[in-house]
Amino acid sequence: MKKSQQKERNQNSSKILLNFINNKIMDSQAINDDVLTSSKNAVLMSSVPLPGDILQIQGYDWNKGIDYHNLFESYKLSGFQATNFGLGVDEIKKMMDCKKIPLSVDQIDSFEQDEFIKRQSSCTMFLGYTSNMVSCGVRESIRFLVQHKMVDCIVTTAGGVEEDLIKCLAPTYLGKFEYDGKNLRDKGLNRIGNMIVPNSNYCLFEDWLMPKLDKMLKDQEEKGMLWSPSKIITRLGEEINNEESICYWAAKNKIPIFSPALTDGSLGDMMYFHSFKNPGLVVDILSDLKRLNTIAVKAINTGIIIIGGGVIKHHICNANLMRNGADFAVFLNTASEFDGSDSGARPDEAVSWGKIRKTATPVKIYAEASLIFPLLVGETFAREFHLAKNSSTSDTEEITKK
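Using my numbering, the first residue of the sequence shown is number 231, and each one after it goes up by one.
Derived from the structure by calculation, the hints contain no laboratory data.
One or more of the hints may lead you astray.
[Claimed, not checked] Label-pair distances were calculated between CB atoms; the ranges are:
1) Leu-434 x Gln-337: 23 to 33 Å
2) Thr-564 x Ser-505: 32 to 42 Å
3) His-299 x Gly-510: 49 to 59 Å
4) Lys-448 x Leu-601: 39 to 49 Å
5) Asn-483 x Met-440: 35 to 45 Å
6) Leu-601 x Lys-270: 37 to 47 Å
7) Ser-334 x Leu-434: 18 to 28 Å
8) Lys-412 x Lys-520: 45 to 55 Å
9) Asp-297 x Tyr-502: 49 to 59 Å
10) Tyr-502 x His-299: 23 to 33 Å
11) Lys-406 x Val-527: 16 to 26 Å
[To be verified] 25 Å max Cα-Cα, derived DMTMM-like pairs, lysine to aspartate or glutamate:
12) Lys-306 x Asp-578
13) Lys-406 x Glu-598
14) Lys-397 x Glu-468
15) Lys-324 x Glu-579
16) Lys-442 x Asp-494
Just so you know, even glycine gets a beta-carbon here, dropped at the ideal spot from N, CA and C.
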(Lines of atoms letter the chains of each structure in order from A; the text may use other names.)
(Lines give C-alpha, C1' and ligand atoms only; values in the text may rest on other atoms or scores of the structure.)
Protein backbone atom coordinates (compact mmCIF):
# COMPACT_ATOMS: atom_id res chain seq x y z
CA MET A 231 0.00 0.00 0.00
CA LYS A 232 1.26 3.41 -0.92
CA LYS A 233 2.08 5.87 1.82
CA SER A 234 -0.50 8.33 0.49
CA GLN A 235 -3.26 5.72 0.72
CA GLN A 236 -2.22 4.73 4.24
CA LYS A 237 -2.22 8.36 5.30
CA GLU A 238 -5.68 8.91 3.82
CA ARG A 239 -6.98 5.81 5.56
CA ASN A 240 -5.56 6.97 8.89
CA GLN A 241 -7.15 10.37 8.41
CA ASN A 242 -10.52 8.78 7.66
CA SER A 243 -10.22 6.57 10.72
CA SER A 244 -9.44 9.61 12.86
CA LYS A 245 -12.45 11.43 11.47
CA ILE A 246 -14.68 8.46 12.16
CA LEU A 247 -13.33 8.16 15.73
CA LEU A 248 -13.72 11.90 16.27
CA ASN A 249 -17.28 11.82 14.96
CA PHE A 250 -18.00 8.84 17.21
CA ILE A 251 -16.61 10.65 20.24
CA ASN A 252 -18.52 13.82 19.40
CA ASN A 253 -21.71 11.86 18.97
CA LYS A 254 -21.12 10.12 22.29
CA ILE A 255 -20.50 13.46 23.96
CA MET A 256 -23.68 14.83 22.43
CA ASP A 257 -25.62 11.73 23.49
CA SER A 258 -24.15 11.98 27.00
CA GLN A 259 -25.08 15.65 27.18
CA ALA A 260 -28.61 14.84 26.09
CA ILE A 261 -28.81 12.13 28.74
CA ASN A 262 -27.47 14.52 31.38
CA ASP A 263 -30.00 17.12 30.31
CA ASP A 264 -32.77 14.55 30.64
CA VAL A 265 -31.53 13.47 34.07
CA LEU A 266 -31.27 17.07 35.26
CA THR A 267 -34.71 17.94 33.94
CA SER A 268 -36.24 14.85 35.53
CA SER A 269 -34.55 15.52 38.88
CA LYS A 270 -35.50 19.19 38.89
CA ASN A 271 -39.10 18.31 38.05
CA ALA A 272 -39.14 15.92 41.01
CA VAL A 273 -37.38 18.19 43.51
CA LEU A 274 -38.78 21.52 42.37
CA MET A 275 -42.31 20.32 41.76
CA SER A 276 -44.74 23.20 41.60
CA SER A 277 -47.20 23.69 44.51
CA VAL A 278 -50.90 24.32 44.35
CA PRO A 279 -51.98 27.66 45.85
CA LEU A 280 -52.71 27.37 49.60
CA PRO A 281 -55.86 28.81 51.19
CA GLY A 282 -55.49 32.43 52.23
CA ASP A 283 -56.39 31.68 55.87
CA ILE A 284 -53.84 28.89 56.42
CA LEU A 285 -51.71 29.43 59.54
CA GLN A 286 -47.92 29.72 59.48
CA ILE A 287 -45.60 27.88 61.87
CA GLN A 288 -44.19 30.35 64.38
CA GLY A 289 -42.57 29.74 67.75
CA TYR A 290 -42.37 31.98 70.78
CA ASP A 291 -40.09 35.04 70.56
CA TRP A 292 -38.09 35.20 73.80
CA ASN A 293 -37.08 38.77 72.97
CA LYS A 294 -40.57 39.68 74.19
CA GLY A 295 -39.67 38.55 77.70
CA ILE A 296 -40.77 35.65 79.87
CA ASP A 297 -44.54 35.31 79.61
CA TYR A 298 -45.69 31.73 80.10
CA HIS A 299 -49.27 32.37 79.04
CA ASN A 300 -48.09 33.77 75.71
CA LEU A 301 -45.58 30.93 75.45
CA PHE A 302 -48.36 28.34 75.75
CA GLU A 303 -50.54 30.37 73.40
CA SER A 304 -47.75 30.11 70.84
CA TYR A 305 -47.82 26.32 71.07
CA LYS A 306 -50.78 26.17 68.69
CA LEU A 307 -48.54 27.42 65.88
CA SER A 308 -45.44 25.46 66.90
CA GLY A 309 -46.40 22.13 65.33
CA PHE A 310 -46.19 18.53 66.57
CA GLN A 311 -47.59 17.87 70.07
CA ALA A 312 -47.23 21.54 71.02
CA THR A 313 -50.07 22.20 68.56
CA ASN A 314 -52.12 19.38 70.08
CA PHE A 315 -51.54 20.93 73.51
CA GLY A 316 -52.89 24.25 72.22
CA LEU A 317 -55.89 22.51 70.66
CA GLY A 318 -56.47 20.67 73.95
CA VAL A 319 -56.51 23.99 75.82
CA ASP A 320 -59.09 25.31 73.35
CA GLU A 321 -61.24 22.19 73.73
CA ILE A 322 -61.27 22.46 77.54
CA LYS A 323 -62.16 26.15 77.27
CA LYS A 324 -65.16 25.15 75.14
CA MET A 325 -66.29 22.82 77.94
CA MET A 326 -65.87 25.58 80.50
CA ASP A 327 -67.79 28.11 78.40
CA CYS A 328 -70.60 25.62 77.86
CA LYS A 329 -70.72 24.92 81.61
CA LYS A 330 -71.38 28.62 82.30
CA ILE A 331 -74.61 28.66 80.30
CA PRO A 332 -77.47 28.78 82.84
CA LEU A 333 -79.93 25.91 82.90
CA SER A 334 -83.37 26.84 81.65
CA VAL A 335 -86.36 26.20 83.90
CA ASP A 336 -87.28 22.99 82.08
CA GLN A 337 -83.68 21.74 82.31
CA ILE A 338 -83.47 21.97 86.11
CA ASP A 339 -83.46 18.43 87.49
CA SER A 340 -85.99 19.08 90.26
CA PHE A 341 -87.16 15.52 90.88
CA GLU A 342 -83.81 13.70 91.04
CA GLN A 343 -83.11 12.64 94.63
CA ASP A 344 -79.57 11.34 94.08
CA GLU A 345 -77.25 14.35 94.42
CA PHE A 346 -74.58 12.54 92.43
CA ILE A 347 -76.88 12.04 89.45
CA LYS A 348 -78.71 15.37 89.60
CA ARG A 349 -77.93 17.64 86.67
CA GLN A 350 -75.75 20.54 87.87
CA SER A 351 -74.94 22.61 84.77
CA SER A 352 -75.21 22.86 80.99
CA CYS A 353 -72.03 20.80 80.57
CA THR A 354 -71.37 17.76 82.75
CA MET A 355 -67.62 17.26 82.91
CA PHE A 356 -66.11 13.80 83.34
CA LEU A 357 -62.52 13.40 84.56
CA GLY A 358 -60.68 10.09 84.32
CA TYR A 359 -57.19 9.30 85.58
CA THR A 360 -55.03 6.31 86.42
CA SER A 361 -53.35 5.61 89.76
CA ASN A 362 -49.90 6.84 88.74
CA MET A 363 -51.32 10.34 88.39
CA VAL A 364 -52.15 10.32 92.10
CA SER A 365 -48.84 8.71 93.00
CA CYS A 366 -47.02 11.63 91.39
CA GLY A 367 -47.55 15.37 91.78
CA VAL A 368 -50.50 15.48 89.39
CA ARG A 369 -52.58 14.64 92.48
CA GLU A 370 -52.50 18.29 93.54
CA SER A 371 -53.81 19.47 90.15
CA ILE A 372 -56.68 16.98 90.34
CA ARG A 373 -57.45 17.98 93.92
CA PHE A 374 -57.65 21.64 92.82
CA LEU A 375 -60.29 20.77 90.22
CA VAL A 376 -62.35 18.79 92.71
CA GLN A 377 -61.90 21.31 95.53
CA HIS A 378 -63.38 24.09 93.38
CA LYS A 379 -66.13 21.97 91.77
CA MET A 380 -64.65 22.29 88.29
CA VAL A 381 -65.56 18.72 87.33
CA ASP A 382 -68.77 16.80 87.97
CA CYS A 383 -67.86 13.13 87.81
CA ILE A 384 -64.66 11.12 88.25
CA VAL A 385 -63.62 7.63 87.17
CA THR A 386 -60.35 6.24 88.47
CA THR A 387 -58.63 2.98 89.36
CA ALA A 388 -58.28 1.48 92.83
CA GLY A 389 -54.81 3.04 93.02
CA GLY A 390 -56.29 6.43 92.20
CA VAL A 391 -58.29 6.14 95.42
CA GLU A 392 -55.89 4.40 97.78
CA GLU A 393 -52.80 6.42 96.80
CA ASP A 394 -54.73 9.58 97.63
CA LEU A 395 -55.74 8.25 101.05
CA ILE A 396 -52.32 6.76 101.83
CA LYS A 397 -50.61 10.08 101.11
CA CYS A 398 -52.68 11.55 103.94
CA LEU A 399 -51.09 8.98 106.26
CA ALA A 400 -47.48 8.96 104.96
CA PRO A 401 -45.58 10.49 102.04
CA THR A 402 -44.31 9.08 98.76
CA TYR A 403 -40.63 9.81 98.09
CA LEU A 404 -38.53 10.71 95.06
CA GLY A 405 -36.17 7.97 93.94
CA LYS A 406 -34.67 6.85 90.62
CA PHE A 407 -35.86 4.69 87.75
CA GLU A 408 -32.57 2.78 87.97
CA TYR A 409 -32.97 1.49 91.55
CA ASP A 410 -32.49 -2.29 91.74
CA GLY A 411 -35.76 -4.16 92.28
CA LYS A 412 -34.24 -7.03 94.29
CA ASN A 413 -32.52 -4.63 96.65
CA LEU A 414 -35.70 -2.58 97.12
CA ARG A 415 -37.73 -5.72 97.84
CA ASP A 416 -35.29 -6.78 100.54
CA LYS A 417 -35.72 -3.36 102.16
CA GLY A 418 -39.52 -3.26 101.95
CA LEU A 419 -39.54 -0.40 99.47
CA ASN A 420 -41.89 -0.30 96.47
CA ARG A 421 -40.96 1.57 93.29
CA ILE A 422 -43.41 3.47 91.08
CA GLY A 423 -41.23 4.72 88.22
CA ASN A 424 -38.77 7.06 89.94
CA MET A 425 -40.82 7.27 93.15
CA ILE A 426 -40.55 5.17 96.31
CA VAL A 427 -43.41 4.06 98.56
CA PRO A 428 -42.27 2.36 101.80
CA ASN A 429 -44.26 -0.78 102.54
CA SER A 430 -44.92 0.69 105.99
CA ASN A 431 -47.31 3.11 104.24
CA TYR A 432 -49.57 0.19 103.37
CA CYS A 433 -49.36 -1.11 106.93
CA LEU A 434 -50.60 2.28 108.13
CA PHE A 435 -53.34 2.11 105.51
CA GLU A 436 -54.46 -1.29 106.80
CA ASP A 437 -54.61 0.01 110.37
CA TRP A 438 -56.69 2.97 109.20
CA LEU A 439 -58.98 1.08 106.81
CA MET A 440 -59.97 -2.05 108.72
CA PRO A 441 -62.18 -0.28 111.30
CA LYS A 442 -63.92 1.54 108.41
CA LEU A 443 -64.67 -1.76 106.69
CA ASP A 444 -66.01 -3.13 109.99
CA LYS A 445 -68.35 -0.14 110.23
CA MET A 446 -69.48 -0.58 106.62
CA LEU A 447 -70.32 -4.22 107.28
CA LYS A 448 -72.24 -3.21 110.40
CA ASP A 449 -74.22 -0.61 108.40
CA GLN A 450 -74.95 -3.25 105.79
CA GLU A 451 -76.24 -5.74 108.36
CA GLU A 452 -78.12 -3.35 110.65
CA LYS A 453 -79.31 -0.62 108.24
CA GLY A 454 -79.52 -2.54 104.98
CA MET A 455 -76.87 -0.30 103.41
CA LEU A 456 -76.03 -1.39 99.87
CA TRP A 457 -72.41 -0.49 99.28
CA SER A 458 -71.06 0.32 95.84
CA PRO A 459 -67.51 1.47 94.99
CA SER A 460 -68.60 5.13 94.74
CA LYS A 461 -70.37 4.98 98.12
CA ILE A 462 -67.34 3.34 99.73
CA ILE A 463 -65.08 6.06 98.30
CA THR A 464 -67.42 8.78 99.57
CA ARG A 465 -67.35 7.24 103.06
CA LEU A 466 -63.54 7.01 103.00
CA GLY A 467 -63.31 10.63 101.82
CA GLU A 468 -65.44 11.70 104.78
CA GLU A 469 -63.38 9.59 107.18
CA ILE A 470 -59.97 10.81 105.99
CA ASN A 471 -60.97 14.40 106.81
CA ASN A 472 -57.87 15.87 105.17
CA GLU A 473 -57.99 18.88 102.84
CA GLU A 474 -55.01 17.56 100.86
CA SER A 475 -57.16 14.66 99.70
CA ILE A 476 -59.05 14.36 96.41
CA CYS A 477 -61.51 11.97 98.06
CA TYR A 478 -62.15 14.43 100.89
CA TRP A 479 -63.17 17.23 98.52
CA ALA A 480 -65.18 14.88 96.33
CA ALA A 481 -67.22 13.78 99.35
CA LYS A 482 -67.59 17.36 100.58
CA ASN A 483 -68.67 18.69 97.17
CA LYS A 484 -70.85 15.69 96.29
CA ILE A 485 -68.74 14.75 93.27
CA PRO A 486 -68.96 10.99 92.65
CA ILE A 487 -65.77 8.97 92.22
CA PHE A 488 -66.42 5.72 90.37
CA SER A 489 -63.90 2.89 90.44
CA PRO A 490 -65.18 -0.20 88.60
CA ALA A 491 -61.94 -2.06 89.44
CA LEU A 492 -61.87 -1.06 93.12
CA THR A 493 -60.49 -4.43 94.21
CA ASP A 494 -57.46 -4.20 91.88
CA GLY A 495 -54.96 -2.74 94.33
CA SER A 496 -54.23 -2.28 98.01
CA LEU A 497 -57.92 -1.65 98.71
CA GLY A 498 -58.64 -5.08 97.27
CA ASP A 499 -55.86 -6.58 99.37
CA MET A 500 -57.38 -5.11 102.52
CA MET A 501 -60.88 -6.28 101.56
CA TYR A 502 -59.43 -9.75 100.98
CA PHE A 503 -57.84 -9.77 104.46
CA HIS A 504 -61.06 -8.37 105.94
CA SER A 505 -63.13 -11.14 104.36
CA PHE A 506 -61.30 -13.66 106.58
CA LYS A 507 -61.49 -11.65 109.80
CA ASN A 508 -65.02 -10.30 109.38
CA PRO A 509 -66.67 -11.80 106.30
CA GLY A 510 -69.87 -10.66 104.62
CA LEU A 511 -69.25 -7.21 103.11
CA VAL A 512 -70.91 -6.98 99.69
CA VAL A 513 -69.87 -4.44 97.04
CA ASP A 514 -72.41 -3.85 94.27
CA ILE A 515 -70.85 -2.58 91.02
CA LEU A 516 -74.09 -2.64 89.01
CA SER A 517 -75.65 0.23 90.97
CA ASP A 518 -72.58 2.33 90.17
CA LEU A 519 -72.86 1.48 86.48
CA LYS A 520 -76.46 2.69 86.56
CA ARG A 521 -75.41 5.87 88.37
CA LEU A 522 -72.59 6.69 85.95
CA ASN A 523 -74.58 5.99 82.80
CA THR A 524 -77.56 7.97 84.10
CA ILE A 525 -75.34 10.99 84.79
CA ALA A 526 -74.32 10.91 81.13
CA VAL A 527 -77.86 10.35 79.83
CA LYS A 528 -79.28 13.23 81.90
CA ALA A 529 -76.55 15.66 80.80
CA ILE A 530 -77.40 18.53 78.43
CA ASN A 531 -73.82 18.44 77.11
CA THR A 532 -70.81 16.43 78.23
CA GLY A 533 -67.07 17.04 78.22
CA ILE A 534 -64.53 14.33 78.95
CA ILE A 535 -60.91 14.76 80.05
CA ILE A 536 -59.03 11.47 80.30
CA ILE A 537 -55.47 11.11 81.60
CA GLY A 538 -54.14 7.69 80.73
CA GLY A 539 -56.11 4.74 79.43
CA GLY A 540 -57.53 1.34 80.20
CA VAL A 541 -60.67 0.89 82.28
CA ILE A 542 -61.04 4.57 83.22
CA LYS A 543 -60.96 5.69 79.59
CA HIS A 544 -63.40 3.11 78.33
CA HIS A 545 -65.79 3.44 81.29
CA ILE A 546 -66.25 7.17 80.68
CA CYS A 547 -66.50 6.80 76.91
CA ASN A 548 -68.97 3.94 77.18
CA ALA A 549 -71.19 5.94 79.55
CA ASN A 550 -71.28 8.68 76.94
CA LEU A 551 -72.34 6.15 74.31
CA MET A 552 -75.66 6.03 76.20
CA ARG A 553 -76.31 9.61 75.06
CA ASN A 554 -74.90 9.15 71.54
CA GLY A 555 -71.48 10.52 72.43
CA ALA A 556 -69.65 13.28 74.29
CA ASP A 557 -69.73 16.83 72.93
CA PHE A 558 -66.14 17.65 73.93
CA ALA A 559 -63.14 15.40 74.56
CA VAL A 560 -59.44 15.60 75.43
CA PHE A 561 -57.28 12.48 75.74
CA LEU A 562 -53.79 12.67 77.24
CA ASN A 563 -51.49 9.65 77.08
CA THR A 564 -48.48 8.15 75.33
CA ALA A 565 -50.15 5.01 73.94
CA SER A 566 -50.35 4.28 70.21
CA GLU A 567 -53.30 2.74 68.38
CA PHE A 568 -51.37 0.12 66.43
CA ASP A 569 -51.97 -2.73 68.89
CA GLY A 570 -55.72 -2.15 68.86
CA SER A 571 -55.79 -1.19 72.54
CA ASP A 572 -58.47 1.08 73.90
CA SER A 573 -55.75 3.06 75.67
CA GLY A 574 -54.05 3.93 72.39
CA ALA A 575 -57.18 4.49 70.34
CA ARG A 576 -57.50 7.96 68.83
CA PRO A 577 -60.71 9.93 69.46
CA ASP A 578 -61.85 9.15 65.91
CA GLU A 579 -62.17 5.49 66.88
CA ALA A 580 -64.50 6.53 69.70
CA VAL A 581 -66.53 8.51 67.13
CA SER A 582 -67.01 5.29 65.14
CA TRP A 583 -68.53 3.67 68.24
CA GLY A 584 -70.80 6.61 69.03
CA LYS A 585 -68.86 7.48 72.19
CA ILE A 586 -67.88 10.92 70.89
CA ARG A 587 -70.29 12.86 68.68
CA LYS A 588 -69.64 13.30 64.98
CA THR A 589 -69.94 17.07 65.43
CA ALA A 590 -67.25 17.19 68.15
CA THR A 591 -63.67 18.41 67.72
CA PRO A 592 -61.83 15.99 70.06
CA VAL A 593 -58.10 16.23 70.74
CA LYS A 594 -55.51 13.66 71.72
CA ILE A 595 -52.21 14.89 73.15
CA TYR A 596 -49.44 12.31 72.85
CA ALA A 597 -47.38 13.23 75.90
CA GLU A 598 -46.41 12.15 79.41
CA ALA A 599 -49.12 13.46 81.69
CA SER A 600 -47.03 14.46 84.72
CA LEU A 601 -45.39 17.01 82.44
CA ILE A 602 -48.46 18.19 80.53
CA PHE A 603 -51.57 17.96 82.73
CA PRO A 604 -50.55 20.65 85.27
CA LEU A 605 -49.88 22.96 82.31
CA LEU A 606 -53.31 22.17 80.86
CA VAL A 607 -54.92 23.00 84.20
CA GLY A 608 -52.82 26.15 84.49
CA GLU A 609 -53.90 27.42 81.07
CA THR A 610 -57.60 26.68 81.60
CA PHE A 611 -59.22 26.08 84.99
CA ALA A 612 -56.57 27.66 87.21
CA ARG A 613 -56.05 30.67 84.96
CA GLU A 614 -59.75 31.49 84.88
CA PHE A 615 -60.09 30.85 88.63
CA HIS A 616 -57.28 33.24 89.58
CA LEU A 617 -58.29 35.90 87.04
CA ALA A 618 -61.78 35.90 88.55
CA LYS A 619 -60.34 35.91 92.07
CA ASN A 620 -58.04 38.83 91.30
CA SER A 621 -60.87 40.71 89.63
CA SER A 622 -63.09 40.18 92.67
CA THR A 623 -60.31 41.36 95.00
CA SER A 624 -59.79 44.50 92.89
CA ASP A 625 -63.52 45.26 92.96
CA THR A 626 -63.59 44.87 96.74
CA GLU A 627 -60.60 47.19 97.13
CA GLU A 628 -62.28 49.81 94.93
CA ILE A 629 -65.46 49.66 97.01
CA THR A 630 -63.41 49.93 100.22
CA LYS A 631 -61.61 53.02 98.90
CA LYS A 632 -64.90 54.71 98.08
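Review point. Of the numbered hints stated previously, which ones are contradicted by the structure, given in increasing order?
Key: Numbers 1, 5, 7, 10 and 11 - these are the hints that the structure violates, sorted from lowest upward.
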